[in-house]
Amino acid sequence: MTDNPEEIKKHVKVYITVFAALAFLTVLTVAASYLKLPLVPAILVALFIASLKAGLVAGFFMHLLSEKQVIISILAVTVFFFVVLMLLPALSSSSLYVS
Amino acid sequence: MSEKQHSHDLPFWRKYIFSLDHKVIGIQYGITGLLFLFFGFCLMMLMRWQLAYPGQPLPVIGNLFSERMMVGGIMLPEFYNQLGAMHGTIMVFLGVVPLAVGGFGNYLVPLQIGAPDMAFPKLNMMSYWVYFLGGVAMIASFFLPEGAAQSGWTSYPPLANIAASGQTVWLIGMVFLITSSLLGSINFIVTIVQLRAEGLSFFRLPFFVWAQFVTSFLLLLAFPPLEAAGVLQLMDRLAGTSFFMPSGLVVAGKALEVSGGGNPLLWQHLFWFLAHPEVYVLILPAMGIVAEVFATNTRKPIYGYKSMVCSVIFLGFMSFIVWAHHMFLTGMSAKMSSFFQITTMIISIPSVILLTALALSLWGGSIRFSTPMLFAIAFLPMFGIGGLTGLPLGLAASDIHLHDTYYVIGHFHYVVAPGTIFALFAGVYHWYPKVTGRKMSEILGKIHFFLSIVLINGVFMPMFILGLAGVSRRLYDQMQFAHAQPTQPLNVFMSVCAWLLGLAQIPFIINIFGSLIWGKKVDNNPWEATTLEWAAPSPPPHGNFDAVPEVYRGPYEYSVPGQKHDFWPQNMAKEN
Amino acid sequence: MSDNGIRYISKPHPVTGVTNSKLGIWCFLASEVMLFGGLFSAYVLLRASAPSWPHGSDLLNVPLATLNTLVLITSSVTMVMAWASLALKDFSKYKRYMAATILLALVFLAVKSVEYAHKFEHHHFPSTNTFYAIYFTLTGLHGLHVLGGVVVNTYFLFPGSALWKKDPEQFKGRIECAGLYWHFVDLVWIFLFPVLYLL
Amino acid sequence: MQKYYGWGLPYNASAYGADVDRLIYLLHGFMILLFVGWLIFLVVALFKFRSRPGHQATYKPDHFKAPTYIEVGVALFEAFLLIGFSFPIAKHVRTLPPKGEALEVRVVAEQFAWNIHYPGPDGVFGKTDIQLMVPANPVGLDRNDPAAKDDITVINQLHVPVNKPVIVHLSSKDVIHSFFLPVMRVKQDVIPGQNVPVWFQAKDTGNFEIACAQLCGLGHYRMRGFLIVEQPEQFAAWQAKYAPKVPAPAPVQTPASPVTVAKE
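Residue numbers (our numbering), protein chains in the order written: chain A, -3 to 95; chain B, 337 to 912; chain C, 68 to 266; chain D, 44 to 307.
Since the hints were derived computationally from the structure, they do not count as laboratory data. Only true hints are included.
The calculated SDA-like cross-link candidates involving lysine to any residue, where the alpha carbons are at most 20 angstroms apart (straight line), are:
1. D:K134 x B:I678
2. C:K156 x A:N0
3. D:K192 x D:V148
4. B:K590 x D:F155
Sequences are here, hints too, so could you generate the full structure?
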């Protein structure tokens, strides 16, 4: 992390804008829920907004955008297994089960 | 004040009990792991009595137990189920993993990569004591009014949900053990990535360090889902939720007052999502040890080091998508079972590559039949049988008949008992000189080996015959079933072999403690090996190396043409 | 170089470019991703196999939860500001931002306990139905993580800050790791909030 | 009495059991062949390259290409077993015979007994209700339902006609059991909250066994049932003998303890 003050001051401005974006997105996702969309679109909208917010927090607050390769590769491995874990319910859904 | 003096004036309890030195913690893990292995072995020996002579009173020891366990020396089904569940849990989570990863990993990884200690010493100490608490919880559960957990080491709900209080203590113990393995794996990954010596690139690492590296990733990423499942089951048992309880359950004639809507398969999925990577956690360090012992005792480099490293990494990834081959019979459709059959066949390929590479490493060597080498050589055919018997269980068609029978018990015990535990014996004999500065006796070692190899096959080989006959596992008394009566005499043979196997460990115990006194004193490299741990004095002081060692070549440079000696240590600049 | 010779504690490794503690905290967060992943996959499986699943907004107080989300996001910002002020060598600003983070976290926990108390009054316990069960389990475990974060941050505000004088570089690294953990906890809530309250 | 059980695979009384047995024997032949060949290599290598004076290990011995061919051969043979044998058998086992031809039976597993429920001549299962599940009526059959008039409920006695496909609908009242017929090469986990069908077709008559293969508590070892395969006439006679005598509407006994199932 570059340590010179001007760099950090620029970062601070970025943090404030990111904060505003997060607040706005929160209000947006709540507003979206009042539209009472059918289940599947509602899930997609909510997850899309949540991923956007997560991306902002991870990218700027957690400095993932400027992170080193070793940490990115560990996270890539984790994402691979997280996806398998999230597929687990799909694998055991009733369609694949004889009952 | 250099580090060496600093460690001398530490009070006893800071130097040995709450020590921050990875070597002391490694020895603590090793001794506790060996004690739990022995304790789990005794539980098994009790079970073997009931299996061989169902319903007959246990002669002497029988009257030591309370009325809830044995009535007049005759074991009750509750106690038998407790022994079964706790034997599995203790051997896997409290015996082999702490010994293979906590003991060997903690002691050797920093030494083999030329680091003074693990990256986070306090975290390392904490992971041992959290493991210790988990072990205490597991043992304490035996003294509960209704005894320890008794629904198998897999503790499937709804049986586990309606079980007695021992199951709750088992879950709490498991949460402790999982947290300990988690913290341990973080320590390993950071140490291996950050603290490697100068010039020690990833492809110059000894294969043992690679095995521990992949094992740490398995521990890091596979354990948390089981912790989540454990939290869910704790909520089921304590807060009355019903994650795993479907609606409309009637237990002992009375409808169960639970909100229902749960799915017992959720636990099985989350449990096996961990448990398959867990079995690779059990076998990979063992393969690492065998590779080290092979290289040193064949005086030549391992065959296909790069292909072995790639197989280990591929194994690590594949182990996460095969878990449902434990659940072929839970009503899954042909489509789903086909997927998991294919992934199970694919995962058998890296294991075959690893085994073949180790076997081919013998070709062209100059093999010394020292005790560690004997155990390591025995690992190959034994793990071979374990792997091969996995084939009929991996194919859904043959698994229908063989699932949940003694065939399965024979399969996984062949992988773990003559497989992993023999490799751990090889490791103890191989690195004992480095840990204590004295060599273990070869005579006692060979007695221990030849007795154990014969008896261990006597215990597990007949299990395949029982399995083919369709004898279900976890049966308190198989004489109740006509299809199981003809194979009952085999149980007597197996039980006798098991008790003799217990006696066969006495030379090993004498050897371990005796060699501390009369073992032959050795210098820092008694086996004339090349990896870095043999460059440090034995036993290495706190901080291991005077200066960070410099590495010039691969880990197994033996019999290099044009060298005086037949071994060329990694850290030696000029020829040797 | 610390006392027993372990390198790269406060200075990054020349090749990997990260310090030990940062790599360690990211590994820990990877395991936390799998922990909450396990619970989320349990949620998905239970919801998929349940005949009927109540709407989150009918049973739970959405406005209060929205406020709670904003509180947690603000605490995330004050946390990163605390780290930034350390980078600017401004120790007093750091203490104020860290105090703000802890305060906001306590507000979050307070709102959570109000919500729980409200539910218990109306006899909505985890054992009522699977929705409440997974709601209490997920938010309960998340709450415990928030509590853990508060304890760690309080340590860094009072006794831990002595390290600032001895080795500012290492202290800044520690605050960065505490920050990473805190942002992760906020990240989990960002997914928890829509999944439980809005769908 | 013909000996059904011994060491090794039990007697095969199932129409499609021969395929499963052939796969198991083929696999074991392949495994023994592989293991013996591999062991010979090991012993030869150990003897040939044992350390002895004058013998020097070679740094890079010239390795013959055999191992890679063997590995590929093993992988191909495994794939052949998988696609050639396992998939067809697994698919055959999973596809139920057409409803019309098969005898349908409901087996409700309970801690330590198999409750068997026949639809009776009308071929329709009566309604069941967990309120009525008392020891006298383990399946919880509601006798007022017209379809339940002729239903037969028996414990641990599964009578089946020979040479006729039988579909068994498995469900459990409490914990996970596993419905295991060794002679029929059939095993199916019985998950509470699910109703999983499994089918088999007996080719020989005889008294066989039902076993429980999944740990289900203290009595797991004595959860034994009988599978009696008999000629259709004897089966019909047995059904007639067990049909409920006087179709008096069974008084709806209030279950012993007033039990409320929590609302959904």
